[in-house]
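As given, the protein sequences belong to chains A and B, one line each in that order.
According to UniProt numbering, the first sequence holds residues 1 to 253 in order.
According to UniProt numbering, the second sequence holds residues 1 to 253 in order.
Keep in mind that the hints are not guaranteed to be accurate.
It does not matter which identical chain is meant; a pair holds if it fits inside one copy or across any two.
Said to hold, decoys possible - Dumping the calculated DSSO-like pairs for lysine-lysine here, alpha-carbon to alpha-carbon at most 30 Å:
| hint | residue 1 | residue 2 |
| --- | --- | --- |
| 1 | K214 | K90 |
| 2 | K90 | K65 |
| 3 | K39 | K65 |
| 4 | K39 | K74 |
| 5 | K135 | K65 |
| 6 | K74 | K135 |
| 7 | K236 | K39 |
| 8 | K236 | K162 |
| 9 | K155 | K90 |
| 10 | K236 | K135 |
| 11 | K189 | K65 |
| 12 | K227 | K189 |
| 13 | K90 | K236 |
| 14 | K65 | K162 |
| 15 | K214 | K189 |
| 16 | K155 | K65 |
Don't read these hints as lab results, they were simulated from the structure.
Protein chains: 2
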Amino acid sequence: MSAYVQDVFMLFGDSITQGAWAPGDTGIGQRLSHVYARKLDVLNRGYSGYNTEWGLPILDQCIAKPHDTVRTPKIKVLTIWFGANDACIKPSPQHVPLERFIANLQAMITLVRERSPETHIILITAPPVNTIARKADLEARDPPQALDRLFATSKAYADATKTLAAEHGVGVVDAWGALWTACGEEEAKFAAFSGDGLHLNARGYEVVYHELIKVISERYPDVHPDKLESVFPLWKDIDWASPQSSLYVSRRE
Amino acid sequence: MSAYVQDVFMLFGDSITQGAWAPGDTGIGQRLSHVYARKLDVLNRGYSGYNTEWGLPILDQCIAKPHDTVRTPKIKVLTIWFGANDACIKPSPQHVPLERFIANLQAMITLVRERSPETHIILITAPPVNTIARKADLEARDPPQALDRLFATSKAYADATKTLAAEHGVGVVDAWGALWTACGEEEAKFAAFSGDGLHLNARGYEVVYHELIKVISERYPDVHPDKLESVFPLWKDIDWASPQSSLYVSRRE
Chain A
1 MSAYVQDVFM LFGDSITQGA WAPGDTGIGQ RLSHVYARKL DVLNRGYSGY NTEWGLPILD
61 QCIAKPHDTV RTPKIKVLTI WFGANDACIK PSPQHVPLER FIANLQAMIT LVRERSPETH
121 IILITAPPVN TIARKADLEA RDPPQALDRL FATSKAYADA TKTLAAEHGV GVVDAWGALW
181 TACGEEEAKF AAFSGDGLHL NARGYEVVYH ELIKVISERY PDVHPDKLES VFPLWKDIDW
241 ASPQSSLYVS RRE
Chain B
1 MSAYVQDVFM LFGDSITQGA WAPGDTGIGQ RLSHVYARKL DVLNRGYSGY NTEWGLPILD
61 QCIAKPHDTV RTPKIKVLTI WFGANDACIK PSPQHVPLER FIANLQAMIT LVRERSPETH
121 IILITAPPVN TIARKADLEA RDPPQALDRL FATSKAYADA TKTLAAEHGV GVVDAWGALW
181 TACGEEEAKF AAFSGDGLHL NARGYEVVYH ELIKVISERY PDVHPDKLES VFPLWKDIDW
241 ASPQSSLYVS RRE
C-alpha cells in the first residue's frame, strides 16, 4: 500500500485534462507535476469525452467519503533507481561504500516484500557518468569544485544493482548498459543523452523508458499499460440512457 | 481527502527520478503518467542528491505500515475543468443543456465543500473552439462527421463557468478569455494553440498554466509551489552525521 506522504493536487476534467502529460507537448499536468515535486502529488482525473453529467458520479468516487478513509491504493509497480549519488567518491557527503549500497538496496527489497507483497519491484541501474561534462560543470561553479564521480566507480554500482536484482529475483532495467550501447560505448558521446554528464535529457529518458516498458512486458505483463483496463469507462462505453449504472465502479480488492 | 480510485506506480530514487517530469525534456515520469492515465497514479518519489542511506528511511515512510492504512491524503487543490464536451450540440450524446451544466458544476462544488472543506476549488473555463479546424478534422474522418461544436455555444458554457465561480466564491481560471486574448481574438489564429481546434498544444497549455499559477498566487498563496516546503528535507539539509533524525517526518494533521 502507498502511505500517506504527500497531499494532493487533483486535476478533474475531460480530455484536455487527461492529455495534459502527453510527451512532446508540455501540458499543464506535466508542468504542475514538476513544480509540485516533493510537495504535492498531482493526480490526473481527466476523462476523455466526459461531460459534467458523467463527471459528477466520478467526482463522487474521487473525493473520499468517511468510510473510504480506511483504504489506501496498492502499489502495483515500484521502481528503485539509486546509485548515481551513492557512487560519489570521498570526501563527498553523498558517498556510500559499495557494500553498504548493496545492503541498503537489499533492505529496501525486504521492506517492500514484507509490507507490500503485491508490488512488482524493478531496480534501475544508475546511468553512466560523462566525467568530461561533469568536470566542466563543477569547474564552472563558484567556487569551482573538484570532480566528485568517476566513470568506473559508477559502473561498479550499476553492476552491483544488476547482480542484486538477479539474486533477489526482482526485475531490473539496465539503464547503464542501454545508455552505454546507445552512445556507442564512448564516454564523450554520452553528451547526446545527458547535458551535465549526470542527469538525463529527453533522449536519455527515452532510452530508459523503452527498457522499462520492455521489462514490464516480459516480466510483469499484467501491469503493462495496454493490459490494464481504465478504472472508469471510456465515454463511448457509458450507458448514455442511464449513465449512473456504468459510472459507479466497485474498487478492486 | 483523496479517495482510493486508482492504484499506484511509484518511482523511487534521486534527482534522475525527481526531474523526470521537467518541461521541455520529456522525462520517464511524464511518459509513464501519460500511458498510465486512468489506470495507475504515477507517483514521484525522487529526492535530488539522496543516496540509498538516506533513501531507506524515506522508503520506510512511503510504503504503508498496517496502522497507516487509515490515512488518506488531503486534497489541497482541485481544478474542475469541464464544458468542452457539455457544449456539444444536439444530437451528440455528449451534449448537456446549459442549465443542467450549471447545476452539475454547482453539485460538484457542494460535494467537495461538504466532504473536503479544506480543498481549494478552482474552476477552469473550456477553451475556445476553432470550428474551422474542428470541421476539417471531423470531415476527414471515415465516415465523415458533421461539426459538433459551435464557437458561440462553447463561449456561453465558459461564461457560465465564470459566473458560477463568482457566485460561489471559488477560484476561476478563465482559459477561454486568456486563450482568446492570446490569439488576437481571431478564431483562425487559435490554430497556434490547438492543432485540432479542441485540444490544447504546448503553447495552449502554457497560457492556461500561467493563468492557473496567477490564480493560486493571488487567491490561495498557501499552496503556491514556492510557499510549500518539501515534505522530506533537501539533501544539503540532512544531518549527515545522524541522518535518521532529520529523515523521519511526522505527517501533518
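A quick look at each hint next to the structure:
1. K214 - K90: neither (36 Å within a copy, 44 Å between copies)
2. K90 - K65: So K90 and K65 fail the 30 Å test inside a copy (52 Å) and across (35 Å) alike.
3. K39 - K65: Intra 24 Å, inter 21 Å, cutoff 30 Å: intra and inter.
4. K39 - K74: Answer is both: 21 Å inside a copy and 12 Å across each meet the 30 Å cutoff.
5. K135 - K65: neither (54 Å within a copy, 43 Å between copies)
6. K74 - K135: neither (42 Å within a copy, 43 Å between copies)
7. K236 - K39: Between copies only: 17 Å across, 36 Å inside.
8. K236 - K162: between (44 Å within a copy, 29 Å between copies)
9. K155 - K90: Classified as within: same-chain Cα gap 16 Å, cross-chain 62 Å, threshold 30 Å.
10. K236 - K135: between (55 Å within a copy, 21 Å between copies)
11. K189 - K65: For K189 and K65, the Cα distance exceeds 30 Å both inside one copy (54 Å) and across copies (45 Å).
12. K227 - K189: neither (36 Å within a copy, 40 Å between copies)
13. K90 - K236: between (59 Å within a copy, 16 Å between copies)
14. K65 - K162: This pair counts as between: shortest inter-copy Cα distance 28 Å, intra-copy 44 Å.
15. K214 - K189: within (24 Å within a copy, 41 Å between copies)
16. K155 - K65: neither (49 Å within a copy, 34 Å between copies)
Taken one by one, the earlier hints fail for this structure at numbers 1, 2, 5, 6, 11, 12 and 16, listed in ascending order.
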